[in-house]
Amino acid sequence: AQKITQTQPGMFVQEKEAVTLDCTYDTSDPSYGLFWYKQPSSGEMIFLIYQGSYDQQNATEGRYSLNFQKARKSANLVISASQLGDSAMYFCAMRERLTGGGNKLTFGTGTQLKVEL
Amino acid sequence: AAGVIQSPRHLIKEKRETATLKCYPIPRHDTVYWYQQGPGQDPQFLISFYEKMQSDKGSIPDRFSAQQFSDYHSELNMSSLELGDSALYFCASSDNTGASSYNEQFFGPGTRLTVL
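These protein sequence lines are chains G and B, in that order.
Residue numbering for the first sequence follows the numbering used here, beginning at 1 and increasing consecutively.
Residue numbering for the second sequence follows the numbering used here, beginning at 1 and increasing consecutively.
Chain G on its own, in the form it takes in the complex:
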């Protein structure tokens, strides 16, 4: 079974600074996908960024970038120029193939990010 580990239950960052949220994973499947989702206090799950196991370059989406180190099995999310609206819970997730032919997402325990003035 696949496993996602997020070791930072909570993080604080000052507005306009960059912050790195850690994520490590464990899988025996050579083909996998890694996702980051943002969950504000309102509860919705917002897709941020994706990294495929065969992607040669680190993914970037606006202020979000993924520091993918395959040999170390880590996929850290970097948020640049933090904004107050970035305060939320952030989940790292891995797409896992299932026996029925489909797939599911396995989530880490999340990191609560608080952006301060």
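Please note that a few of the clues may not be correct.
Said to hold, decoys possible - Facing chain G, from chain B, some residues (calculated, C-beta under 7 Å):
id: 1; residue: Asp42
id: 2; residue: Pro43
id: 3; residue: Phe45
id: 4; residue: Ser48
id: 5; residue: Tyr50
id: 6; residue: Ser55
id: 7; residue: Asp56
id: 8; residue: Leu88
id: 9; residue: Glu104
id: 10; residue: Phe107
id: 11; residue: Gly110
By construction, these hints were calculated from the structure, which means they are not laboratory data.
Each residue gets a CB set at the ideal place from its N, CA and C atoms; glycine is no exception.
Since the structure of chain G is provided, determine the placement of chain B on it from the hints.
Frame of chain G, contents of chain B only:
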């Protein structure tokens, strides 16, 4: 762009009652997933449907059942509700035809179920 729609957004039930949660996936998405997120927990996969057929089951209790209809909407039926069923229930949909290289799952806003 159209998103995943879930109804109701909030639901309050008593123990031992039943509940039905509805999900309308993004048009032309062929796969629907249900997740349960308990308070302070990460989402846990319950069940998925591909082209209206159940494809995989996760940690879904026997008291729960789900189906996907001909119009692709899905319903999660929950019977004999327990206090521990209080959670945020997400539906997600994805396009697994290969049109999207990510096959990312787009989540609905969730249904917050409270069992009293």
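For each hint, the structure was consulted:
1. Among the interface hints, the one on Asp42 (chain B) holds; its C-beta lies about 4 Å from the nearest C-beta in chain G, closer than the 7 Å criterion.
2. For Pro43 (chain B), the interface hint holds, since its Cβ comes within 7 Å of a Cβ in chain G; the closest pair sits about 5 Å apart.
3. Taking 7 Å as the C-beta cut-off, the interface hint given for Phe45 (chain B) holds, the closest approach to chain G being about 4 Å.
4. Checking Ser48 (chain B) against chain G by beta carbon gives a least distance of about 5 Å; that is within 7 Å, so the hint holds.
5. The interface hint given for Tyr50 (chain B) holds, since its Cβ lies 6 Å from the closest Cβ of chain G, which is under the 7 Å cut-off.
6. The criterion of a C-beta within 7 Å of any C-beta in chain G is met by Ser55 (chain B), whose closest approach is roughly 4 Å, and the hint holds.
7. Interface restraint check: Asp56 (chain B) against chain G, minimum CB-CB distance 4 Å, threshold 7 Å, status holds.
8. Interface restraint check: Leu88 (chain B) against chain G, minimum CB-CB distance 6 Å, threshold 7 Å, status holds.
9. Interface hint status for Glu104 (chain B): upheld, as the beta-carbon distance to the closest one in chain G is roughly 6 Å, under 7 Å.
10. Of the supplied interface hints, the one on Phe107 (chain B) holds, with its beta-carbon coming within about 4 Å of a beta-carbon of chain G, less than 7 Å.
11. The beta carbon of Gly110 (chain B) comes within 5 Å of a beta carbon in chain G, closer than 7 Å, and the hint placing it at the interface holds.
Hint compliance for this structure: no hint is broken.
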